[in-house]
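Given chain A's structure and the hints, the job is docking chains B and C onto it.
These protein sequence lines map, in sequence, to chains A, B and C.
Using numbering that gives the first Met the number 0, the first residue of the first sequence is number 0, and each one after it goes up by one.
Using numbering that gives the first Met the number 0, the first residue of the second sequence is number 0, and each one after it goes up by one.
Using numbering that gives the first Met the number 0, the first residue of the third sequence is number 0, and each one after it goes up by one.
Heads up, some of the hints might be wrong.
[Said to hold, decoys possible] What follows is a set of in silico ranges between Cβ atoms, one per label pair, in the way DEER data are often shown: (1) B:Arg88 <-> C:Leu626: 36 to 44 Å; (2) C:Tyr619 <-> B:Leu151: 31 to 39 Å; (3) B:Leu22 <-> C:Tyr616: 21 to 29 Å; (4) C:Trp78 <-> B:Phe143: 49 to 57 Å; (5) B:Phe143 <-> C:Leu19: 47 to 55 Å; (6) C:Tyr616 <-> B:Ala11: 31 to 39 Å; (7) C:Trp78 <-> B:Leu151: 51 to 59 Å; (8) B:Ile155 <-> C:Tyr616: 23 to 31 Å.
Simulated from the structure, these hints should not be mistaken for laboratory data.
We put the beta carbon where it would ideally sit given N, CA and C, even for glycine.
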Amino acid sequence: MIHDYLILSVILFCLGILGVITRRNVFTVFMSIELMLNAANLAFIVFSRVHESMDGHVLAMMVMAVAAAEAALALAVVILLHKHKGKLDTNVFSLLKG
Amino acid sequence: MFAEVLFIAFAALSVLGAMGLILFRHPMKGAMSLIVTMISLAGLYALLSAKLIFVLQLIVYAGAIMSLILFIIMFLNIQDNDLPVEEGRFLYLAGGIAVIIPIASFLIKIVNGLPDSQVTIVGNGFGGVKEVGLILFQDWLLPFEIVSLLLLVALIGAVVLAGKRRLVK
Amino acid sequence: MEHSANYLGLIPLLPLTGALVIGLLHMMTCTGKPLPEKLYSTLACIGPLLSFFMALVVFFHLRDMAPEDRFLSHIAFTWFAIGDLHVDMGFLADPLSALMLIFVSFIGSLIHIYSIGYMAGDENYGKFFAYLNLFLGSMLILVLGNGPVVMFVGWEGVGLCSYLLISFYTKDTDNVLAGNKAFIVNRIGDLGFVLGMSFLFWAIGSGGFDYLSLKENTHLLTPGIGFAVCLLLFVGACGKSAQIPLYVWLPDAMAGPTPVSALIHAATMVTAGVYMVARFSFIYAHVPAAGTIVAWVGILTALLSAIFGMFQKDIKKILAYSTVSQLGYMFAGVGLAAYSAGIFHVFTHAFFKALLFLGAGSVIYALHHQQDIWKMGGLKKKMPTTYATMLIGALALAGCPPFSGFFSKDEILFSALASGHPGIWFIGVTVAGMTAYYTFRMIFLVFHGKPRDQEAYDHAHEPPPVMTVPLIILAAGAAFAGVLNLPGIFGGHMSVSHWLAPSLVEHHPHASVWVELFAMLASIAAVVVGITIAYKKFSQGAEEPVFTGFAKFGYHKFYVDEIYNAVFVQPYKAIGSLISRIFEPNVTDIHVKLSTWIYKKCGKGFKVLQVGYVRVYAIYMVIGLSLMSFFLSQSIN
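Looking at chain A on its own, in the form it has when it is part of the complex (with noise of 0.2 Å):
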């Protein structure tokens, strides 16, 4: 039952590394990060079920929350980069090669 729930989280989690690795979209890439951090959301409220306690719900919130501020930094990162070059390809910000 509890393998279940968590196998279920560790497939959402390698979709989501996938999606990241694989896509060039930006906000392809960035929903996968979501869905990583829904993945491990998942394993908390497991892990609080089982153990009867409810921290794991509390450091469930504390993601939410850190997955709202990511996603409002993100779409303004977003929202910059398509200004400026006109593109969602992640290859398109290549200032990093030498």
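Quick look at chains B and C alone, frame taken from chain A:
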């Protein structure tokens, strides 16, 4: 029995949504499928008797954050030719899965190593607003305050970043 | 029996703090508008003056104790301890260091005050005083150190400061070269000092490496090692105190500002070697053969530099050679185990040499940096104070009774005769005559006769009081300091010798009064002859002679600089350039070049991985995680 059926349904939906996210080319469709994942996760939380988190997942995640993302996607008015050309997308995906599998198998191995306790029935109060609130404002007060600071910083940052009237191409 | 005195550490610390403060102030303002000179000069003079007062406190403190108990010590902190070697940053004041302390800080303070006038208007006014304070502080550490290692700190400090100050006018390449020369020659001496110190530690250092413990363990020293230690330490003293063969830097050190020359020659630097030999008197007394070598080297140096001094035409070079010559006397004294005589000569010499240099500085100042004595003349009327004080200094230097130089020099010559070294005595008397000759040659040419450069003469004037007052004070010292050690023959008590007795290991040779009287009369006769010849030749406006024969040889300093240059410097440079051209690029650098080549190639190789896309870096990370997971999942089952 009923709970297990629900679990299978929600789990299948959430995985489908996640796969949709990484497979759809247009971010709008991806966002829609992510909302499916979020809502089914909310259902799973409800199954785990996390009442407050269930509500928050619906309101904050599926509601606020996702609508913000959708709003921005629509605001930018993304056309098909704006999207990056991802020709070898499926090749990439195949490679990505090959890289991910060891990680996934490792994590699953660890999960399987945990004791699989049967879930007991919890009391009425578990996961309610009052109980979680008490813990939040007693044991977790300092982290809570720090998170509020973080939100403030993010707010200011977002204003500074996006608020500038810069060159528009 | 030792007494502790916490304030000992403050004595060197005060000038050092002054140096730090002035240096920082100067550094912060050297690009912008400079701070007022008054600020610098006040700050600079506080430290030395306070040190001088504290030196007096030390002196009276010591005087109130029983003669055999006269030790004040203060251990500030443990500097380092490695195995047997345990070195404290400690200070020791006994009669010897107290005497040194008093005159070093006194003359140092006077020179600081004099410099206020001499350096006025210089753009690096602050820098000069910072160095001057540092110089004095280093010398005080040298004098106060309670062991060879602490002494070495001050030893190196004065070496550094002499370098900085000799090349103070950095715009002229010659000055910088002179500074380099002083530094390098000193370095050769320092090598001797370090080796001597190491030998000493190796032989008897295990019981503690400060003077008192070493003194207790001297009897463990075998004669061979003692001899080596003495000679090596003397090499160090040769470098610092300008003895054969390392004297060549001192005449060139005249490139610095004149107060610096005065400080180097009188108070701070060159006396360090003599002080060191006296400080290690317990070892030198153990090995009399080494002492004899020291004495002979000293007296030969005295002779050689007196010959050079007779033919120089630069007023400061004459004084420089006279310093080398007087230092030779001092080494003759300490070498013959007449330590108190040697130290007493250091003491009196400090007064009259500082006086002569500062007087020469006044002359140079008045004549707008003219240093050639053949372009001076007749300044007696224009600069009466300078003339009078310099005359006193010259009489003291020449060793004319009753001025201070007479008593101290006579003491040394007497001990040479009494201890059975008539050769040294004879050369000493000859040198005394020569000293009188060249000193008065300078005095007559500068102050008597007719002006040789009318224009410069017309502009000459007495310097401001801030410069003349130190001259007068020093003149009083030069005239009367000899009274402090009046020998019994004049009804005195040899007070300085008795004062120094607890610090030194010396045996006074006993000789009859007639020998003493004979020595005295002989040196007076030599002095009179020297002055008379000088008077005959130069008092009535002599013209610059063209040197021929031996005189030319002497004027060119026996071509010693050229010989050193040809024998040491040029081969050394040739070897250096050979190494830098052939050995270094092909042998030592090859590893360096190879490794840089490898790194460059690797860098080029790895550059391919640095694509600049964040996503790709994420892929690398995930691949790493994946590999880690793979290996970790092998281990758990």
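(request) Starting from the range 21 to 29 Å, see whether the pair Leu22 of chain B and Tyr616 of chain C falls in it by beta-carbon distance. (result) Taking Cβ atoms as reference, Leu22 of chain B and Tyr616 of chain C lie about 24 Å apart, which means the hint holds.
(request) Check the following: the C-beta atoms of Phe143 of chain B and Leu19 of chain C are separated by a distance inside 47 to 55 Å. (result) Between Phe143 of chain B and Leu19 of chain C, where Cβ atoms are some 52 Å apart, the hint holds.
(request) Starting from the hint 36 to 44 Å, judge whether the C-beta atoms of Arg88 of chain B and Leu626 of chain C obey it. (result) 24 Å, violated
(request) Mind checking the hinted window 49 to 57 Å against the Cβ distance between Trp78 of chain C and Phe143 of chain B? (result) 54 Å, holds
(request) Take the C-beta atom of Tyr619 of chain C and the C-beta atom of Leu151 of chain B, compute their distance, and say whether it sits inside 31 to 39 Å. (result) 34 Å, holds
(request) State, for the Cβ atoms of Tyr616 of chain C and Ala11 of chain B, whether the hinted interval 31 to 39 Å holds or is violated. (result) 34 Å, holds
(request) Given the range 51 to 59 Å, decide if the beta-carbon distance of Trp78 of chain C to Leu151 of chain B lies inside it. (result) Holds - the Cβ-Cβ distance for Trp78 of chain C and Leu151 of chain B, about 54 Å, lies within 51 to 59 Å.
(request) May I ask you to test the hint 23 to 31 Å on the CB atoms belonging to Ile155 of chain B and Tyr616 of chain C? (result) 28 Å, holds
Checked against the numbered hints listed earlier, the structure breaks hint 1 alone; every other hint is satisfied.
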